[in-house]
Amino acid sequence: MRWRYLGIAAIVVYCLAPFYWMLVSSLRRTSDIFDSGPLPDPVSLESYRAAFATGNGFLRALLNSFVVAGVTTAVVLLVATFAGYALARLEFRGKYVVLALIIATSMFPGISLLVPLLELFSGIGWINTYQAMIVPSVGCVLPLAVWNLTAFFRQMPLELEEAAQIDGCTPAGAFRRVILPLAAPGVFTTAIITFIAAWNEFIIALSVVNKNELKTAPVITSQFTGTTSFDSPFGTQMAAGVIVTIPLVVLVLLFQRRIVAGLTAGGVK
Amino acid sequence: MILSRRFVLVTATAAALALGASACGSDSGSPAPPQPAALEGVGPISLVTGKDTSGNLQNQVDEWNSAHPDQKVTVIELPEDADAQRQQMVQNAQTRSDAYGVLNLDVVWTAEFAANQWVVPLPEADFPLDKLLPATVETGKYFKRLYAVPITSDGGLLYYRKDLLDAAGLKAPTTWSQLAEACAKVLPTAAGVSCYAGQFEKYEGLTVNFSEAVNSAGGSVVGEDGKPTLDTDAARKGLQFLVDGVKSGLIPQKARTFKEEEGRRAFQAGELLFHRQWPYQYAKASATDGSSAVAGKFAVAPLPGLDGPGASSLGGHNYAVSAFTKNKKTAVDFIKYSASEEQQRKNLEKTSQAPTWSALYDEADLVTKFPYLTQLKKSIEGATKRPGVVKYQEVSRAIQEAAYGAMSGDTPVDDALKSLQGKLEALTK
Amino acid sequence: MVTLVPAGPDPAGPDSTASGPTGPGGGSARGRRPGTGRLAALLVSPTLLVLGLVVLYPIISAVRLAFYQRNDGIDPETGLLVQGDRFVGIDNFTDMFTGENADRFLNALTNTTTFTVVAVSIEVVVGVLMALVMHRAFRGRALVRAAILVPWAVPTAIAGLLWRWVFQADGVANDLLPGAPVLWTTDGVQAWFAVVIADTWKTAPFIGLLVLAGLQVISAEIYEAARLDGAGPWRTFFSITLPLVKPTLLVAVLFRTLDTLRMFDLPYTLIGPGKEATDTVTVLAFEEAVKFGKYGPASAYAVVLFVYVALVAFAFVRLLGADVFGTKGRRSR
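Just so you know, the sequences run in chain order A, B and C. 745 is the number of the first residue of the first sequence in the working numbering; add one for each residue after it. 327 is the number of the first residue of the second sequence in the working numbering; add one for each residue after it. 1241 is the number of the first residue of the third sequence in the working numbering; add one for each residue after it.
In isolation and in its complexed conformation, chain A is listed as follows (with noise of 0.2 Å):
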């Protein structure tokens, strides 16, 4: 017992660590983030005043993140239920061909498919819109999310949707009814998933979007500057860093609830 104490202390300072290093200097005053103790002396919020300063539009910034992540996780677990059920409970030739296609989409550098990207968006004039952020973003997470759904639909035991047909539910009504509420703990987990990947992006949000109404959080707290080019407002981009990260953890942890509400609702005996 003491040792498994011992082994979730361990992990919750190994996680923790670093973030809390993040904190205290983001606490920092401007003039003295380079200490090394443990707690700030004193504690400011100057960083964080600075992180929400006027002419940032930080705030804009994460309404614009929210939509992003928002939207791309909701079009990609859209699809990803499809296709995951259509794979872990459909038979169908060329299965196996879909599946081996789906995850090649993710072996290629995602770096070197920049600039053929921003090619066609230019082309199709989807520069300086959401969509040129989402679109992509629901590429770079769609394989992971279809494997994962897969993997999960494919845990469901085929009794219950035969079971449901028996009752005289549709295919469509046995999946919405009976497989969707068991599968709660795989779509919130890849909600989840979708949501960090999709708010975590910066490369192809920097690359397709240059008016500063529009640009995601990751993307203005890299614009972010001390008084000079050379100086590098560390407290700032550090503030900022721990104001990204609470909404998530946050949101995650309701989700967490969601996943074992699922769990005991859907009655998996």
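These aren't lab readings, by the way, just hints derived from the structure by calculation. Computed from a prediction, not measured in an experiment: that's the story for all the values here. Among the hints, erroneous ones may be present.
Straight-line distance between alpha carbons at most 20 Å, and here's what the computed EDC-like set of lysine to aspartate or glutamate pairs gives [as the list claims (entries may be wrong)]: (1) C:Lys1531 with C:Asp1325; (2) B:Lys585 with C:Asp1410; (3) B:Lys744 with C:Glu1340; (4) B:Lys704 with B:Asp688; (5) B:Lys553 with B:Asp741; (6) B:Lys755 with C:Asp1312; (7) B:Lys749 with C:Asp1312; (8) B:Lys457 with B:Glu668.
A few chain C residues facing chain B, derived, Cβ under 7 Å [as the list claims (entries may be wrong)]: (9) Thr1318; (10) Gly1319; (11) Leu1321; (12) Val1422; (13) Leu1423; (14) Thr1425; (15) Thr1476; (16) Val1530; (17) Lys1531; (18) Phe1532; (19) Ala1555.
Glycine is no exception: its CB is placed at the ideal position from the N, C-alpha and C atoms.
Starting from the known structure of chain A, arrange chains B and C on it as the hints suggest.
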């Protein structure tokens, strides 16, 4: 079956799309001769730049906009990192996007942007070039044509701890051996202070510092004819200064991880006797809010060299006009406006960035406000331009490779320079 | 005699390895009703459409570029570059293995491989531990879960900065370590370790979360049965937990492997490009393309990496079990 047919369809469509699209927007065709005269088009444009650190840029733009309501300038801010700025500008040029109007280019990017025809040649007569520091104007030229107009400049300075040197009865060193002697005399009595540092991490700053060492030893990286000249005695002595510095401990080990900011922190914490740095450090190290331990205790001098004062590398930024913007006349007018004496004075006062307008360096009230101006003008006037070659990025990487390897003790100086000479010959042929 | 394969009603688990493979096509007896194919096509096509548009199209155009090089000549009068690309066949590929950049490329390939093997192994162990911890009911569990998810939620761009801050010469890592300061961000084995440390910190929670979701569909009854059969905790873990989470774990590991083989951000922001110890193939490709404007060679790097990743994925699926593909027959009992 339906599925696989569908897949074939998707693939085929994608392939057709791919073949139709040209590679990186580089339509083939012979290079048209540049036409500096005909820059037309009046209307709104954008100014693409790294982040406006002081807010003064927005002031300048606002002032312009209120005077030119139908030729409004919008600022597009790029990331703070120079490499990322260049990447965005290059990408936009490759897709021939007209989103970017005036480009705020680092001085070392001119050749690449000009040779690729991403920026247009500018009519020299339109700009007060004779009022600007000649060295800075050179950075905007490529093959004798003006492609960019210098807006800010930068030159390296030797920051030194005046208090420690005074106590030892010494003056600022003008040669490397004086610098070493000063350290030998001062350091034993100053605990925790190291002798010398510059920017020695493997990045553009190392190219700057290496070039300065070579120039300061009387050599050059690239000769008048554009050919590399590194297999020379002077170049060897220059690199040897840096290598010996690390070996003997004059340059502390950790300086090999220094970019500008790491070095500034060390200097401000009082850990360095001498520091090669840009002018921006002056205001920061003079801060009296407790962030600097050396406020009031330091001064600046020209960089030292082998037998006398050394030569700095030239930094700074130039404005150029994107080849793909529609409103080139407005762009030229805006550059003229930004380069004017009035705007440059305001910019110096607000941002303390080095101006390119020569006369500003001699105005008494400005010199009082920015005491380093006199030394800085000397530094810029004597500064050497970094190689103005199209493949600058590759040249710079090769230089970093050689200098980093030699300074870490992995490659002997002779070998490093020989192989560098070979690489640069291939890159500049 | 301990029987660990539960005999009761089928749990929500997949095949445990204990039951042995039944060969592909085990489930083919069921479900093939008329119209299934059309339904499947309907359900899968949105995915293929999106991937075709935003991934496949750029891949194809990048692959095409791998056979071209930029014209290199400069007009001696004006200094302008000759425009356009020329077809060079497989030159970009042969240059990679025999040309002057061969050393850099092979070195980068080695780094890519060692990063992947070491980092993913550590991540799997730590991630599974995290999942087991998160799965347990104990006081303060919610807080522990939050803690575990923090590293992953920190935006990658900022995590790079943070670690650079931690690992700089007078940073907190050196404050905590005894002895002379380690120059983490210079070239050398310490830089390699810095990247591995930062990467495992950032992504172990990803594996943890996926495995946790897998754990949660295992019903308590199996554990109960195992306990009644007298299985100890180790035996339970290796004979029940691990086989049951294997499908999700394999997906997690597979995708982490694919990601790590394409690792870019950390070596680039934490250590910087051009370092022998940490340059990966993607860093090389990025430098060639974005910095040096050599899109042909850069695409060739990307293509070779793609082939390498595909081979690894194939070997992975072959070695670690067809479960990843779901080809193992489903028991229809």
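Against the structure, the hints:
1. C:Lys1531 with C:Asp1325: 18 Å, holds
2. B:Lys585 with C:Asp1410: Given that 20 Å is the threshold and the Cα spacing comes to 13 Å, the pair holds.
3. B:Lys744 with C:Glu1340: Between B:Lys744 and C:Glu1340 the Cα gap is close to 16 Å, so the pair holds against 20 Å.
4. B:Lys704 with B:Asp688: 11 Å, holds
5. B:Lys553 with B:Asp741: 19 Å, holds
6. B:Lys755 with C:Asp1312: At roughly 10 Å apart (the allowed maximum being 20 Å), C:Asp1312 and B:Lys755 satisfy the hint.
7. B:Lys749 with C:Asp1312: The given pair, whose Cα atoms are some 16 Å apart, holds under the 20 Å limit.
8. B:Lys457 with B:Glu668: 13 Å, holds
9. Thr1318: 6 Å, holds
10. Gly1319: 3 Å, holds
11. Leu1321: This interface hint holds because 5 Å falls under the 7 Å limit.
12. Val1422: 10 Å, violated
13. Leu1423: Holds, about 6 Å.
14. Thr1425: 5 Å, holds
15. Thr1476: The hint is violated - C:Thr1476 has no Cβ within 7 Å of chain B, the shortest such distance being about 42 Å.
16. Val1530: With a minimum Cβ separation of about 5 Å from chain B (threshold 7 Å), the hint on C:Val1530 holds.
17. Lys1531: 5 Å, holds
18. Phe1532: At about 5 Å, which falls below the 7 Å cut-off, the nearest Cβ of chain B leaves the hint on C:Phe1532 intact, so it holds.
19. Ala1555: 25 Å, violated
Hint compliance for this structure: hints 12, 15, 19 are not met, and every other hint is.
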